[in-house]
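> Put chain E on the given structure of chain X with help from the hints.
If you read the sequences in order, they're chains X and E. Take 1 as the starting number for the first sequence in this note's numbering and just add one per residue. Take 1 as the starting number for the second sequence in this note's numbering and just add one per residue.
None of the hints are false.
If you only want the chain E side, here are some residues facing chain X, beta carbon under 8 Å, derived:
(1) M1
(2) P49
(3) D50
(4) L53
(5) S54
(6) T57
(7) V58
(8) V61
(9) A62
(10) L65
(11) L69
(12) K73
These aren't lab readings, by the way, just hints derived from the structure by calculation. A virtual CB, placed ideally from N, CA and C, is assigned to each residue, including glycine.
Residues per chain, in single letters:
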Amino acid sequence: MSPAVRRRVFLVAAAGLGALLLWGLSGLPPFGVYLGPYGDVLNAVAVGERHATNVVAAVTFDYRGVDTMGEEYILFAAVIGTAILLRAQRDEEEQRDPSEAVEGRSAPPTSNAVRVLGLALLGPIVVFGVYVVTHGHLTPGGGFQGGVVLATGALLVFLSGEYVTLLRVRPEVLIDAAEAAGAAGYVAVGLAGMLAGGAFLDNFLPLGHAGTLVSAGTLPLINLAVGLEVAAGFVLLLTEFLEQTLVIRRREAP
Amino acid sequence: MSVLEVVVLLLVAAGGTAVVLTRDPLDQAIVASFYGLLLGLAFLVLQSPDVALSQITVGAVALPLMILLALAKVRRNEAERDRPAAREAGADQAEERP
Chain X
1 MSPAVRRRVF LVAAAGLGAL LLWGLSGLPP FGVYLGPYGD VLNAVAVGER HATNVVAAVT
61 FDYRGVDTMG EEYILFAAVI GTAILLRAQR DEEEQRDPSE AVEGRSAPPT SNAVRVLGLA
121 LLGPIVVFGV YVVTHGHLTP GGGFQGGVVL ATGALLVFLS GEYVTLLRVR PEVLIDAAEA
181 AGAAGYVAVG LAGMLAGGAF LDNFLPLGHA GTLVSAGTLP LINLAVGLEV AAGFVLLLTE
241 FLEQTLVIRR REAP
Chain E
1 MSVLEVVVLL LVAAGGTAVV LTRDPLDQAI VASFYGLLLG LAFLVLQSPD VALSQITVGA
61 VALPLMILLA LAKVRRNEAE RDRPAAREAG ADQAEERP
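For reference, chain X alone in the conformation it holds in the complex (with noise of 0.2 Å):
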């Protein structure tokens, strides 16, 4: 195909797509109003039925509970996949020079001003990750929100050259054993639903006080187990692939 019939066919189609997309805008309510039923209906009973302030949460966590287990399940397989691929290249690394694979696991040089301000945001992140999880119930927030929050600590503590220490408080065993126990207990929540009676994912735990930390049933120990899966998935992420980006430039150095 020559690129003059290319660019013709192109055309044709992109005004189709074109035409097409205006058609829908088109048949789109106005701008910031809002017909469905479903939100308002919520909007007026979750609080009362569920005791969670935050009715987002609510919704997500709650009344369309197995639609986020699936999301978490898309994040937990991209986890996964993503480590399995780097593992393996990791291992044939380690296979071919043993020796130095040890001593090279060294951090570049950082600057003293990022070290401090790396080090010193270290502990309000990691205290605001644990709020936005725990509170997710109440306030904007949740586990998705607050684990890459709390993940974003270990980047900090790689950020401040400290990718020793990184390997110290990240046991490989414990970082996978969290995200598969994150994974699992979401599915535990939904399994202890149906043995106390009700449906999968069923709120069965009392609900509490609205407004209160501890409330609103089974929310917050769902929050708590896609917390632990989402900062456990990143600092794994993010583990594998430094260990691989540092295990080449060690080998740069000398």
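Below, chain E without anything else, positioned relative to chain X:
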């Protein structure tokens, strides 16, 4: 649509265009991070703080970080592949050397 919403949507449009116009992947990761922040701001202005928080953590932190890590790894691999090939110019087994 309020003035604030118009401003933030225009900023998002400008940010998205900037990501496309940045051609070097390393620069693009940083621009994409800034774009993620703008998108988070847009969600906040449109009154969805939950989504804004997800957008900021994933779009402004996690995604650029993964791009940077992947770039670092790819470049190391390339550097590693090029070096022995240059040193052992003409040797048949250049690829198999560590």
